[in-house]
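Peer 1: Sequence:
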Amino acid sequence: MESAGPEPGCRIAGVELINRKQIAIGTAVIAVCLLIIVLPDLRDWLRENASERRLSRGRELANVYCSSCHLEPAPEILPKQSWQVALGYMGYMLGMENLDYLAEHPDFAQQNVRSKQTYLIKENMIPDTPLLSESDWDTLRYYYVESASAKCTVETDIPDQGKHDSGYAAAE
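Just so you know, my numbering puts 10 at position 10 of the sequence shown, and the rest follows in order with no gaps.
Simulated from the structure, these hints should not be mistaken for lab results.
These numbers come from a predicted model, not from an experiment.
Even for Gly, the Cβ is constructed at its ideal location relative to N, Cα and C.
Do not take every clue at face value.
Unchecked claim - Distance windows between CB atoms, simulated: (1) GLU123 - GLU48: 41 to 47 Å; (2) GLU48 - ASN98: 23 to 29 Å; (3) THR27 - THR129: 16 to 22 Å; (4) LEU131 - GLY26: 53 to 59 Å.
Said to hold, decoys possible - DSSO-like cross-link-like pairs, simulated, lysine-lysine; straight-line CA separation at most 30 Å: (5) LYS122 - LYS151; (6) LYS80 - LYS151; (7) LYS80 - LYS116.
Turn these sequences into a full structure, and let the hints guide you.
Peer 2: Below, the structure written as structure tokens:
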């Protein structure tokens, strides 16, 4: 019977052969070390990529749903905290009634948003069924809140009060 080769662990020309088990263990150790080194960067990249995809999807949803009633507002026009309350109002128009995301806001803000719901119900302005899913609603809110500034900004490039973009003088 012919041998398939030297037995693992034997020496050939003064060099000990490594068996397959040792190679597999060595490869696994190297792979784990590489993961430990690369994983934080990979995790950050995946998180950033997911956030960018979510912002992009939120922008698409804003284009569809917000602009169906009015001009699509830019996220920069309100600070983060104001967007959450403003979106509470707008959510009712889309049939969204869950206000759990306002739990961290002062009571008066939550009551103010709920009072809008009472008015809209009375005027029959809330759709019978939501126009978008809770997940899409969350993504649309994420777009506005995450794209907005943390604090109010003062606009310094306010146009001259006597003229408007049309070039005509304002009525006095």
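Peer 1: All the hints need checking, so say for each whether the structure fits it.
Peer 2: Results for each hint:
Range check, GLU123 to GLU48: about 43 Å between beta-carbon atoms, so the 41 to 47 Å window is met. Look at GLU48 against ASN98: about 28 Å separates their beta carbons, and that is inside 23 to 29 Å. At about 55 Å, the CB distance of THR27 to THR129 disagrees with the hint of 16 to 22 Å. Under the hint 53 to 59 Å, the C-beta atoms of LEU131 and GLY26, about 58 Å apart, fit the expected range.
Between LYS122 and LYS151 the CA atoms are separated by roughly 35 Å; this puts the pair beyond 30 Å, and the hint is violated. Our distance criterion of 30 Å between C-alpha atoms is met by LYS80 and LYS151, whose separation comes to about 7 Å. Pair hint LYS80 plus LYS116 holds up; C-alpha atoms about 20 Å apart against a cutoff of 30 Å.
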